[in-house]
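J.: Spelled out from the first residue to the last, the chains are:
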Amino acid sequence: MTTRRELLAGAGLAAVATQMPAIAFAQAKDAVTIGMTLEPPTLDPTSGAAQAIREVTLQNIFEGLVRMDRTGRIQPCLAESWEIAPDNVTYRFKLRSGATFHDGTPFTSEQVKFSFERAVAPDSTNAQRQLFTPIAEISTPDPATVVIKLKQPTASFLYGLTWGDAVIVAPASAAGNKTNPVGTGPYKFARWNRGDRLELARFDGYWGPKPALARATFRFMSDPQAQVAALQAGDIDANTNLSAPEAVAQLKADPKLTVTIGRTEGETVLATNNAKPPFDNLKVRQAIAHALDRKTIALGVYGFDVQLIGSHFSPLHPAYVDLTGTYPYDPEKAKALLKEAGFPNGFTCTLKLPPPSYARRAGEIVAELLAQVGIKAAIEPLEFPQWLERVFRNKDYDLSIIAHTEPLDIDIYARDDYYFQYKNPAFKALIARISGTLDEGERNELYQQAQRMLAQDAVNGFLFILPKITVAKAGLEGMWTDWPLPVTPLAELRWR
Amino acid sequence: MSVAVDKAPGGRKRRWLSPSFAIGAVLSLAVVAMALVSYLWTPHSPTQMAILKRLQGPSAANWFGTDQFGRDVFSMIMVGARNSLAVGLGAVGIGMLQGTVLGLIAAVRRDGLLDHVIMRTADFTHAFPAVLTAIMMTAIAGPGMLNAVVAIGVLNLPYFARLARGAALQVWTQDFIQAARAAGLTSRQITLHHVLPNIAGILVVQATIQFALAVLAEAGLSYLGLGTQPPNPSWGRMLNEAQTFMAAQPWLAIFPGAAIALTVLGFNLLGDGLRDAIDPRLRRSR
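Residue numbers (full-length UniProt numbering), protein chains in the order written: chain D, 1 to 496; chain B, 1 to 286.
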């Protein structure tokens with residue numbers, strides 16, 4: 001039964017709909033709608049590992065003592081300045097005056113102490129608790145000063161403070177941050193329609209320069225085709241990272257849109273079980289390295305050129321050194337190395353692939369390239385829980401393909417019992433030295449040594465950096481092209 | 001098939017050459033021929049990648065175009081036919097062999113405990129949605145062509161068990177069975193020498209129809225990534241991979257989709273035609 005009320009409601013909607021274009025037009029210059037593939041499970045970056053949480057909240061709702069800029073450099077944020085004492089373990093932060101939380105609570109050194117002690121507490125749910133374990137003591141001589149003493153020199157400490165896990169929260173609001181986040185950032189939480197959109201509004205009490213846009217909306221669209229359609233129709237003004245690389249050509253042809261292919265911290269590797277014969281043989285690993293035609297792999301996966309790598313390091317870091325020439329593509333050399341290693345006719349092995357399409361596609365090409373030098377790699381697709389269980393935890397694998405997206409994570413090769421099973425005391429010693437070296441030039445020198453060691457040992461097949469595919473309306477400026485950290489700082493956006 | 005009646009009721013000649021039967025036969029033969037030829041020749045290697053030639057439209061060099069890795073789609077469809085038919089054959093083989101044996105045993109022991117156990121188990125299996133069960137089985141046993149064959153085969157089993165039992169029960173009531181029995185033949189001998197030959201025709205008809213369903217089920221499993229694994233080409237997986245390219249490169253979806261549709265149609269029409277010819281009583285009114 002269609003009631004009169006329903007008919008009236010329908011008529012009302014129609015009336016609103018006809019007025020909508022005018023409203024949208026009037027507001028277009030101070031609002032932005034950004035598409036994302038994954039929806040954050042919560043809005044609290046201090047209690048969950050999901051990247052989507054950081055993408056929407058970090059540098060928007062929440063801020064840390066320091067922040068990372070678009071070029072990957074550390075900049076002051078809630079800390080106006082800092083100095084490291086000659087003992088290399090005492091950090092003295094001078095805090096920003098006049099900063100307040102969105103609920104009016106003034107920002108003081110007490111909250112810094114609270115946030116870091118909360119993160120390292122035994123019952124902490126912080127996903128990167130290890131960032132805070134080097135802290136020996138936090139003291140607050142006055143409301144605008146924090147002194148942090150570390151147990152030993154830790155070079156990555158400041159870098160870690162740029163992450164979402166290290167944002168400053170207030171004791172009164174911390175518990176509610178998952179659904180009602182209260183931070184010190186330029187935007188405050190407005191509304192969250194789960195499964196659809198998150199709305200943020202400019203925070204008028206912000207300590208820094210006033211952002212150009214008054215309102216911002218993140219829309220969650222898990223279907224990449226729907227994202228493409230929404231971009232073309234103008235329903236969304238930009239997206240953070242398009243998960244449909246096959247649509248790039250089509251979007252690039254659209255004059256209303258600008259498409260940029262940027263870089264991330266996602267080193268994609270052909271993970272190799274270094275402890276399992278025949279992969280424990282350096283010659284076999286070198287043969288695999290010579291068999292991998294990175295350019296072909298990247299082009300087959302994406303259809304456009306992406307950044308290739310020769311070691312486990314992102315070019316977004318100043319210490320990056322191009323090592324793609326260490327073992328250039330040379331199938332004949334690969335065959336010769338296999339022969340020297342005692343496999344004149346090659347061998348068979350498995351290639352276990354997790355679900356992301358970059359891994360599945362790269363896997364098919366890698367299997368074909370390996371077959372050309374005599375290594376028959378049987379493809380085994382796995383679901384993510386299975387992959388984590390079998391490959392990552394139990395190390396029950398020969399080869400696999402996965403992107404390691406944590407920033408500056410070359411130290412994973414020094415971890416005991418990590419799934420690559422690269423047990424090299426020299427590398428471990430090098431990483432320990434890096435951690436104790438606070439001089440940036442010296443440290444970068446050591447990072448380069450570490451990159452070379454991994455490349456020469458052909459620990460993994462080093463393939464490419466996951467691209468960040470940013471699409472934006474032609475008039476929108478300020479979207480990050482690269483992702484030294486997966487964030488979307490709304491305060492940097494403006495309409496031309 | 002020689003056991004089937006030679007004349008339709010009323011003495012009318014059998015209609016072997018109904019148009020739909022002819023179309024079915026031609027389509028099925030074409031697919032079989034394509035699969036057989038693929039063992040000897042394909043225009044290109046179906047696994048050879050040529051990244052620089054990726055996503056090219058149909059042309060003289062690549063009749064059905066190339067995929068995202070620059071592989072020749074026509075060659076992949078030819079070899080895919082081989083895989084689809086192999087899965088169909090294997091699955092129907094498993095189902096027909098075991099289902100028929102169980103159905104015949106049930107017919108011998110009609111209304112006995114064994115009959116009830118077999119037939120209720122068959123009903124139970126039959127009650128589950130077929131493809132869903134196959135997904136569950138391959139999810140447990142791991143994806144792969146062999147597991148797909150077994151999963152689809154097991155689902156075929158109850159069809160053949162029920163059909164064999166029903167048809168066999170009919171034969172068991174015939175006079176010549178009484179005669180065989182009087183001559184001292186055992187139930188097993190009667191089943192093998194008299195019952196089985198008389199129900200073979202109808203089983204073959206069912207097999208043709210189940211074959212079409214098995215090809216479709218394989219395509220479905222492969223689409224979900226649970227069937228034939230790369231680099232072995234498979235129509236279902238080709239469709240899956242094509243969907244992200246559909247807007248700009250529609251041929252990647254059209255050709256494997258058409259291959260699946262035409263194969264299923266062909267074997268269905270063939271099965272219908274055979275049924276009409278072999279058992280006129282089942283002929284649908286036209």
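These are calculated hints, taken from the structure and not from any lab test. Hints may be right or wrong, so weigh each one.
Straight line, CA to CA, 25 Å or less: simulated DSS-like cross-link-like pairs of lysine-lysine [stated by the list, open to error]:
no., chain 1, residue 1, chain 2, residue 2
1, D, Lys276, D, Lys178
2, B, Lys53, D, Lys473
3, D, Lys283, D, Lys210
4, B, Lys53, D, Lys283
5, D, Lys252, D, Lys276
6, D, Lys276, D, Lys210
Residues from chain D that face chain B, not an exhaustive set, calculated with beta carbons under 8 Å [claimed, not checked]:
no., residue
7, Ala175
8, Thr179
9, Glu246
10, Val248
11, Gln250
12, Asp254
13, Pro278
14, Leu299
15, Gly303
16, Ala367
17, Pro385
18, Glu389
For the chain B half of the interface with chain D, some residues (derived, Cβ under 7 Å), not all of them [unchecked claim]:
no., residue
19, Ile51
20, Phe69
21, Gly225
22, Thr244
The structure displayed is predicted, hence computed values, not measured ones. In this text, a Cβ means the ideal position worked out from N, Cα and C, and glycines have one as well.
J.: Take the hints in turn and mark each one as holding or not.
T.: To see whether the hints hold, each was checked on the structure:
no.	hint	in the structure
1	Lys276/D to Lys178/D	violated (43 Å)
2	Lys53/B to Lys473/D	violated (31 Å)
3	Lys283/D to Lys210/D	violated (58 Å)
4	Lys53/B to Lys283/D	violated (33 Å)
5	Lys252/D to Lys276/D	violated (45 Å)
6	Lys276/D to Lys210/D	violated (57 Å)
7	Ala175	violated (40 Å)
8	Thr179	violated (34 Å)
9	Glu246	holds (5 Å)
10	Val248	violated (10 Å)
11	Gln250	holds (6 Å)
12	Asp254	violated (13 Å)
13	Pro278	violated (22 Å)
14	Leu299	holds (5 Å)
15	Gly303	holds (7 Å)
16	Ala367	holds (6 Å)
17	Pro385	violated (12 Å)
18	Glu389	violated (14 Å)
19	Ile51	holds (5 Å)
20	Phe69	holds (5 Å)
21	Gly225	holds (6 Å)
22	Thr244	holds (5 Å)
In summary, the structure is inconsistent with hints 1, 2, 3, 4, 5, 6, 7, 8, 10, 12, 13, 17, 18 from the numbered list given earlier, while agreeing with the others.
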